[in-house]
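> Protein chains in written order, with my numbering: chain Z, -5 to 220; chain F, 781 to 1001.
In short, the hints are calculated from the structure, not lab data. Quantities reported herein were computed from a predicted structural model and do not represent experimental measurements. Built from N, CA and C at the ideal position, the CB exists for glycine as well. Be aware that a few hints might be false.
To be verified - Where chain F lies over chain Z, by a calculated footprint (3+ residues, C-beta under 8 Å):
{"#": "1", "segment": "6 to 15"}
{"#": "2", "segment": "70 to 77"}
{"#": "3", "segment": "84 to 91"}
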Amino acid sequence: MSDLLRRASAILRKDLLTELRTRQGISAMLSFAALVLFLFSFAIGPNTALLGQLAGGLIWVAIIFTGTLSLSRAFQTEELAGGIRLLRAYPGDPRAILLGKLAGNLVLLSILEILLFPAAGILFQVDFLPHLGPLLLVAALGTFGFSIVGTFFSALTVHARARELLLPLLLFPALIPVVLGAVGATDEILKGDPLGRLAGWVQLLASYDVILFVVCLWIFPVILEE
Amino acid sequence: MVSDVAPAVRVEGLTKRFGRRWALRGVDFQTPPSTVVALLGANGTGKTTLLRVLATLLRPTGGTAEVLGADVARSPDAIRRSTALMTPLGHAYDELTGVENLVFAARMCDRPAGRDGLLELLGAVGLEASADLPVRSYSTGMRKRLELARIRLIAPRVVLLDEPFTSLDGAGVELVQDEIGRWRSEGATVLIASHLVSEATRHADRTVRLREGKIVEEARP
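Bound conformation, chain Z alone (with noise of 0.2 Å):
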């Protein structure tokens, strides 16, 4: 294994051991997607066919609120433990600290839409089942999009004063596009996709994956520094 993902397993495992001991990450970002979904349930009322034609955008929006949460955690950690900066001391590449960060981050938001688009199929009346192969790809790009711009901003506002407030003031923009991508292709999946375009919405989003995953990397080491 390279230096750089050893170092990457090193922090996910610490990170994971810390969420099995305390389940503090997991546990609000579950009340409170549960919170979200109920919310949108109540205030759009008993119109099903109405929740059936939101339930893409619902789902999006609970997944980046609830996942919110766990992103300003995956930093709270270090700081608890003496601060970034001493985990920046260990030698070697500081992409290490990104990886294993985001790959946490991953974990938590993948248990999280387990027990998510289930819920949201019993509420809002929409069978997801039928619709699982592209519903996993479209779930996958989006996670992974919202993870590493998260991860990263996370990471940058780490030792900002207002740091829950700055935090979605600069993710929730740069999210726009996964947003968009995450939404339409789902949408466009639960309606059969009627019009051909969600091979469009999913190159949105994975080229848009791409080009955050190698932007986040190379800036990383400067945002550790001082």
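Fit chain F to the supplied structure of chain Z, relying on the hints for placement.
Frame of chain Z; chain F shown alone:
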């Protein structure tokens, strides 16, 4: 690339500014390998900032700082492979046990992470009975002992200790002193930043006193 023949630490005209406040105002000193240097001075005189610059955690505002011949700004990774910094509160994750914290450090530094070896390290600092307890249950003194085990694991050539004696009982202070003596006998250079003069100077070959970010006195104790 670090050098075997260069001074362990060489600092010339080093300055560091935080906003409008100058923490270091032109510090010059060097020390050969295998020596112990006590950095003395009251709180806020620049001792911690100097150690953090040498540990590559802070970039100098001006001047140069080299560790084992490698420049802190140009070759930080080479320095990170040969130094260890002990901060007053240490670098440990509360939810992990003592041994799990060492496993993490071992993986980050590419050192052997076998449980038996790590337990031996923890035993050497008196933490064998607490090896499998979460660090959140450790006292400040136990956290410092864990830091000593982590530095043993890293086996650095330059050890930077920031207030290593505070919050320690008598046995803890003696343990740190023993470690300092052992590091020097193994060829490492140790820089101790402390306001506890008698403890910091016990093994010191030189003392460097800082005031308002400048060296005001250098002496051999």
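> Each hint needs a verdict: does it hold in this structure or not?
Hints versus structure:
no.: 1; hint: 6 to 15; in the structure: holds (count 5)
no.: 2; hint: 70 to 77; in the structure: holds (count 4)
no.: 3; hint: 84 to 91; in the structure: holds (count 3)
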